[in-house]
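Trainee: Each chain, written out:
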Amino acid sequence: MQTFIDIVLFLMLAATAISIVRTKSLFAIVMLSGVFSLLSALLLVTLDAVDVAFTEAAVGAGISTVLMLGTLALTSRTEKPSSHSNFVPFVVVLITGAALIYGTLDMPNFGDPNAPAHVHVGPDYLERSVEEIDVPNVVTSILASYRGFDTLGETAVVFTAGIAVLLLISGLRRRREDEEADEVDDNEGQS
Amino acid sequence: MFAVAAIGLFIAMLLVLIRLYSGPTLYDRVLAVNSFGTHTVLFIGVLGFLNGRPDFLDIALLYALINFVGTIAILKYFRYRAIGDMSPVTRKKETGL
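So the sequence lines, in the order shown, correspond to chains A and B.
Per my numbering, the first sequence starts with residue -11, numbered consecutively.
Per my numbering, the second sequence starts with residue 60, numbered consecutively.
Treat the hints as calculated values from the structure; they're not laboratory data.
These numbers were taken from a predicted model, which means no experiment stands behind them.
Where a beta carbon is used, it is the ideal one built from N, C-alpha and C, also for glycine.
This list has only true hints and no planted wrong ones.
Pulled a few chain A residues facing chain B out of the computed Cβ check, cut under 7 Å:
1) V(-4)
2) A16
3) M19
4) V23
5) L30
6) V38
7) F42
8) A45
9) V54
10) L57
Taking beta-carbon pairs under 7 Å as the criterion, some of the chain A residues facing chain B (in silico):
11) S7
12) F15
13) L26
14) V33
15) A46
16) G50
17) T53
The whole structure should be built from the sequences, with the hints applied where relevant.
Mentor: Here you go:
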């Protein structure tokens, strides 16, 4: 049953991807990519990675759909027909895909207890985190304590990026509102 | 029993996907995405019971929330052609105030 579910989900995923490539209406493509990330979230749920699946659904189907619609409001709504041939990109994609599949060949099986991730430092963390950190959730203790500086750096990067985006957007909007207010003043002067 | 439910959900998903790929109007596609989100919620629930560990039902509820907010955003784009704040001038033109 598990294999059957995986195969059906992957078939739907491939069909959605092909349809994204073949569609010209950008709005339809935004809808299709939302469904694409819902499908990949389902695949991640079948792999028991519920948290990753939830991030995929929130970012892929939620935020990026909204962001792409916001972009569509500023640009045109149909894709321009491409002038050059698709052969070279197709070959590049094929080679990259083959390299990725080749890379998975010597990976450990799914759920293998002897995988390097489960025999190296993992058991150590599981044993010691309760007495060392005293937080019941091991993931939290690893993220916030063992890898505390790493998480602090990540937070600083995201915070800086957020401030930069806010500054850029607020500057842009103020300038546009000034221009529009000028136009309204001109029109009222004429009438 | 749950396997039958999963297969039924797959068939429903396929029908929705066909509507999404071919959908003549944009509203068909919005509705297809929305109901596909609902199918995702249902499928996560069925998958939990199928594997005998229905621990992820609350996460399925969160998917329903994301789905709802996303659909509101898409429909707002239809109505106003913009997602965020409108400038005062556009708002004046839209509402006539």
